[in-house]
Each structure stands twice: as structure tokens, then as C-alpha cells.
Amino acid sequence: MSDELKDLGMLVARGEVSRRDFLGRAAALGVAAPLATSLLSSTVLAAGPKKGGHLKLGMNGGTSADSLDPATFASSIPFTFGRVWGETLTETSPVDGKPVPVLAESWEASEDAKSWRFKIRKGVTFHNGKEMTADDVVATLLRHSDENAKSGALGVMKTIQGIKKDGDDGVLVTLDSGNADLPYMLSDYHLIIQPNGGNDDPAAGIATGPYKVSVNEPGVRYAAERYEGHWRPEVGHADSVEILVINDLTARMAALTSGQVHMINRVDPKTIGLLKRAPTVSIENTAGRGHYVFIMHTDKEPFTNLDLRLALKHAMNREQMVEQILRGYGTVGNDFPINGAYANFPDDIPQRTFDPDKAKFHFKKSGHDGAVLLRTSNAAFNGAEDAAVLFQQSCAQAGIEIEIKREPADGYWSNVWNVQPFCTSYWGGRPTQDQMYSVAYQTGADWNDTKWSRPAFDELLVAARAELDDGRRKELYREMALMVRDDGGLILPMFNDFIAAVSNKVDGYVHDAGGEMSNGFAAIRAWLV
Amino acid sequence: MSNANTSPPPGSGSAGGFFSSNPLLTLIFQRILLGFVLLFAISALLFVGIEILPGDFAQAYLGQSATPEAVANIRKELGLDAPLLQRYLGWLGGVLQGDFGTSWANKASVSEQIGKRLGNTLFLAFWAAIVSVPLAIGLGMIAVHYRNRFIDRLINIVSLAAISLPEFFTGYLLILFFAVNWGVAVFPATVFADMAFTDRLAAIVLPCATLVLVVLAHMMRMTRAAILNIMSSAYIETAELKGLDAFRIIAKHAAPNAIAPIINVVALNLAYLVVGVVVVEVIFVYPGMGQYLVDAVTIRDMPVVQACGLVFAAVYIILNMVADVLGILANPRLRHPK
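So the sequence lines, in the order shown, correspond to chains A and B.
Number 276 in the numbering used here belongs to position 293 of the first sequence; there are no gaps in the numbering.
Number 94 in the numbering used here belongs to position 90 of the second sequence; there are no gaps in the numbering.
These are calculated hints, taken from the structure and not from any lab test.
One or more of the hints may lead you astray.
Said to hold, decoys possible - Result set (PhoX-like, lysine-lysine): computed pairs, CA atoms no more than 20 Å apart in a straight line:
| hint | chain 1 | residue 1 | chain 2 | residue 2 |
| --- | --- | --- | --- | --- |
| 1 | A | Lys133 | A | Lys105 |
| 2 | B | Lys111 | A | Lys133 |
| 3 | A | Lys33 | A | Lys434 |
| 4 | A | Lys283 | A | Lys348 |
| 5 | A | Lys283 | A | Lys434 |
| 6 | A | Lys133 | B | Lys246 |
Unchecked claim - Have a look at the derived ranges for each label pair, beta carbon to beta carbon:
| hint | chain 1 | residue 1 | chain 2 | residue 2 | range |
| --- | --- | --- | --- | --- | --- |
| 7 | B | Leu89 | A | Ala439 | 39 to 47 Å |
| 8 | A | Pro262 | B | Leu232 | 47 to 55 Å |
| 9 | A | Asp369 | B | Ser168 | 45 to 53 Å |
| 10 | A | Gly153 | B | Leu82 | 38 to 46 Å |
| 11 | A | Gln376 | B | Pro138 | 55 to 63 Å |
| 12 | A | Leu451 | B | Glu81 | 38 to 46 Å |
Claimed, not checked - Among chain A residues calculated to face chain B with C-beta under 10 Å, some are:
| hint | residue |
| --- | --- |
| 13 | Gly35 |
| 14 | His37 |
| 15 | Gly41 |
| 16 | Gln144 |
| 17 | Gly145 |
| 18 | Ile146 |
| 19 | Gly202 |
| 20 | Ala206 |
| 21 | Val228 |
| 22 | Gln243 |
| 23 | His280 |
| 24 | Trp396 |
| 25 | Ser397 |
Just so you know, even glycine gets a beta-carbon here, dropped at the ideal spot from N, CA and C.
Input sequences plus hints: build the corresponding full structure.
Rendered as C-alpha cells:
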């Protein structure tokens, strides 16, 4: 970076030069806009966050039925607000997706990855003034393992056999089979460490986060004030944080452009063009793990036929899908459910492209006669019905006839998905490859929505799970990805971006593939300028 | 009313005799009774209607993760396996004691939550009414005074245009100009418990304006039509010939006789201000009953839907009842029976 630009960047950081001026002057110096923006971000980040102010978020994804009990978190707002007032043992890094220590200071695993010891951080206090101890951690993990608590993290906790205190500052976790991903799993947003595990009052909203809950009006608004005793200076910059529940997209956009809130989530790709015209707003889109899929039941006619599956996979025009359905706010998929947002992503697998000739070849070889029935509804994902029509057209180019049946949105997940042999669907992704494959591709999994069963794959999955060596693990995952891609019932045309919009009064928005709104950390990572 | 105080004629000791000798009270009593019968009928209708609606709470709540066992568990836990009549009677018993049950989704008391939400809705409706009713009646009188002239036409066209736009569109237009482009109004209109009164008023300016625009035309035109009808009577001509000034004639002589239809249409619109605000509340992010109902419908939280439905029905019925009673009282022929 030239010195001149660096100086300019500092001026912006101090608020003496506007972002717009910076970009203008950078252009005059012959630097392209995207590069200049990234230079600017790094300078501003280097200049350090500014403290103070009242940060307001306007978000979709909350109702009056929400509770502060972390076990019940299921939508965006409780998730994001939970990050404001609570902390988990680990978090995932926005840079490489690997687990980083938070309330757990460090951890070590036994050779077979079956037994784990977490060292609990000292000197961390709850908002009620009490010090957080290993006992609180044990109680929290036990509460989420209890079937009666109906915790959203139950699936994660099921594999855990024993949780007990080990010395003053340690927690020993034993598993029924080896799992190298345990530190990732404990970053699950439900697993906020609460005093006495939240057994006394699960919805008290007391934990160790950078802010103390001050207003809890489910479905209306939440607010929190800085907790002075917080142990971690790199998060929680504003004096107070507020989240307004604005489920209506137009209202959210109006609140942002009129300066009433500083950040909004879930911007519709269709209206981004309009939002971009507002001079005070920038779009922050992050590639995530969520993906839009077309799923075939490999155990039902006619999809038992591998050639038919391959024909349909080759007849998918992925670029067109990303362009038309996501308006460019996404990336093409490669028929396995993993992308660069996962640690140990096998990045050297050739991209499958739209190839009508290959599709024609496989279709002919399959001997299938007549139309293929595809069921869809916009309940599957926003634009699923349009996506089905696009697919119908690209299939027609390969001589494959697709018959589209629109299903009612009501009951789509119970009557069509996982029931009918070919339909459109959506996956939000999971924190690790192991969890994604275990939940939807392992033999007999409840949500194995392609009904694909390969013992060889299951063996690889178990082997990869207990593998502590990352290099070896990556190889195993590569092998598994190829199996799903070339044999499975999944057509994965695209991964969708999380699209947030942020006012120019905010800086320090971190792109994090872990989840929307900077994996829920937007409110504590960003600051007001 | 003076009649209510007069003692019954000799020989009519029983209540029946009292009512038969006092048709006005009888009418009012009948009307109130009818209101309660209607409410009961609606409560049954609501319960059955929600029952036969497609979509299931357990499935909506669990979404993609609805396994048959999980669905069965939730249904059992909520007592949905009991027969319909038993559940209805249990619910009705609670409602009569002011207990609307607990929300299925977050296990909180519905009555408590409705209390807060209804307060907000009534607050918005109250201010919308304070602005719109005098404005509509005043404009109606002005329109009568300048009938078929430019001002009358202008009032008509503007108010008709306002009512012709769907209310969400009116709302979005107001947001676009007043909040986004000019930045003079507060948006979103979220109000909360410990908010200063003036802040609260500032917050509701835009939703209030939207509601006023929606209900104005109806009341204004009814006022205009009712007064115009009276204006052709002989006694108005007399008043004119006496040399009274025109506004005095409209306000003092014509308006009181046109009151019954005006009260009716005002009551209908007041009811609309309470029960018809669902869309306005959602787009302005106003935490009232409407938004609460929409939240509950999306997740099929039936106790909340039922409670909101019943409260809305009650408001509608009570306001209509009040309008009828006032209409009866305003009618001299019923007030002074022969």
C-alpha cells in the first residue's frame, strides 16, 4: 500500500475523510475500487475500534414467542442477542473456521479423540458478580444433554457419554466414539455457559457476555448495556446494543436508509439494487454454508438409476442459477454439501459444469422414458419455483423433460421434503463436515433426504471423525465428497450468501462464514465511527 | 335519560312489566343480550374454525425437524389429543375468568401479553380517533357548506384517493417521504414500556397518519350525506329565513338530527381502528395486537390466535352495540313512547 493511501486510510479511521472521498482519491491514484475498499478496511481495523455509542440492529427472525433460555434458541434474533449477553466454551474463527478458545482457555484430547479435557478460564465473572467455575460449565453441558430440556443442541450432546469436573479448573468430557470435532461442537450457540447451568432460571439472561440484558421484550426489542467486568477487550465496543424486531423487509430497509438502525439482516437479492442506491449503506455479503438443493431419493424409482441421476446433475446450469435466483449473491455448488466455509474443505475437486451432451448421453443410457416429476414450493427456499423452471429449461436443452408440480407451502416440510422422491429443498449447513455428513448422508440418519446408503461412506465418516491429523482428515473428506458428488442423489446448484446491509456509521463488520450477521457476532465485533 | 328515572305505572311490579312499559330500556337490554350471545357464538366459531384449518402447530414449530414421534410428543404435551368439546369447554371456562391460557410456543400467559399489546393498540387507536373523528366531521360540515363547489370537490377527491390506496401502500409512501427522504418522522414506530410520553407520541405519528387517511373518507362522506339530507327539511329553511348564519345552522340545527347515522359510521370506523390495524402494525413495527396475532399465526400458536380473535370480536361487537344504543337514545320517537 502506498504511504499516501495509508495516510488517507488513517484519516478515514479518525473520521476526517469520508469513505467516499477515500475511494475517489484512491481511484485518482490508480487503485481499483474493490482493492481500495479492502485496503481501507485493513487500515481502519489496524487503527483500532472506537468505543462508545448506542448500536442498533434491525433484524428479521424473532417472534413474541421467543425466550432467553439458550436451549430454545431457534431463530436469528435470539441467536444474535445470545452472542451479546452470553459466551460459549469455544468460538469458530472467521478466518479459517477452526475453533478458538473463549471460556475454555485450552483443551487436549486423548489419542483416540474419545476423552477431552477443557481448561476453564480463570477470572471470568457472570453478570450477577459470581465467578464462573468448572461446576457451572458441567451443569450447563448436563442441562443441554437432558432430553427434557429440549435443547437445540441435543443432537450435538447426544454423542457425549460423560461430563465431569476434573480438578479445580478442568472439565473432562468423554465420548462413546472418537470425535476430533468436539471443540467445534461446543461452539454451538445454544451452549451459553450460565450460572449453575441455568438450572435455577434458564431464561434469566445472565451469563458472561460483554453486555448485560437490560430489555427483554420478545418479538419487539432487546437491549443490553456494557458489562464493565467483562474479560475480553476485543469485543463489545458500543456502550449499549439494541436489537429491534423488524420482520418486514421493506420496513427493515427503510429503517436502515433513514438511519434509525445501523445494521439489518436478510436483504433480499431482488431489492439489493434499490438499497445500493442509498449513499449511506453498504452491502455485506458473506459466503455461508447454506445451500439450495434438488434432491432425489436414490432408493425410489426412477432415481435408483445412476445414469438418470448423472444426467440430471449434468443438465443443471449452476452459473445461471446463481445469476438468476441469487442475483450473483452466492457461489456455484459441486453436488456435495461442503464449500470453502468448512475447515478441511477438499478444494481440488473439479467443478461440474452444465454439459447438455453428457446429460443427453447419460439420459439415453439410463433408458428412462417420459417426463421426470419435480415437486417444488417457495417454502423450500426463496425462488425455488423459479429455480425449478430454469432447471426445466436447461434439462430441455439436453432432451430431458421435467414436469413441475407446485406444492402448497403449508406442510411442505412434512408432506413433500423427505417423503417425495424428487423435490427442491434447503440446507442451512452445519459447523463441521462431520456433522453435515452425519445428519444427512449417513445410512439411516433421520434427515438422510436422498435415502443414499453406502457402507463404505459410513466407514470413512467414522474414520474421519476420530482423525486428529488435519492432513489425513482432508484426504478422507475428499474421498467422501467424491462419493456424494458422483453417486449420491444430491444436485447442489448453489450456496447462498448471507446478505446484511450496514450503515456507514459502523465499522469493523467481520465476514464470518459460520452464520448470518457475522455468525451472530456483528453486534459485539463492530463499532460506531 | 329522563325516562329511566320515572317510576313505573301502578300495577307493573314485575321486571317484565317494567320493560314492557319502557320500550327504550327493553330495546337496550335486548341489544346488550344479543351482543353477549354473539360473542359466545363467535368463541365457538373461532375454536372450530381454527381446528379445521390446515397446518399444525407441532409441524410448524418443528419445521424441517418434524419427526412423527416429536409431533406426537408435542401434541400430547399440549393436550391436543383430548376431544374437541372438552377442550372448548375448558378454554371457555378459563376465558370467563379472564384466563386465556398459556402460549404453546413460549409457555407464557396469554392474558398478560395481550394486556400489554392491547394497551398499545388502544393507544394508537385512541390518537387516531382523536384526530380523525373531529377532522372527518368538521370536513363533512365544510363540504356541506360549500357543496358542489371547489372546496367540497377537493375534500372529496383527496379523501377518496386516500381510501382507495391500500393501507400498506399509504404507509410505505409516508415512510418513504417523511422518514427516508426528509427524515422528519420517527421510524420504526416501536414503543416500549419505559418510554417517555412525548417520545411515544412522536413514534406513532406515521402509523396514526396512515390510519387517519384510511378511515377519514368514510366518516366524512357519511357526515356530508346525512347532513345534506337534513338540510332539505322545512325547519332548516325556517332557520335560514330567520337569518342565522350558515355554519350555525349546520352545526346547531342540522347536525344533531343527523347524529344517528354519523354515530354508526364513527363506531364502525373506531372498531376498524382497533381490529383493522394488523397490516399497519406490521409495516410500522408497532408492537400491538395485530403484530402479536401475525406472529402467532405464522407459528400456529392457537391459544394466542384464539385470544386475539376473541378480543377483536369483542371490540367490534361492543362498539357496534354502543353505536346501536346511542342510535336508539338519539331517536326521539323511541325516547318518548306514546
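Going back to the hint list, which numbers does this structure go against?
1, 3, 6, 7, 9, 13, 14, 16, 17, 18, 23
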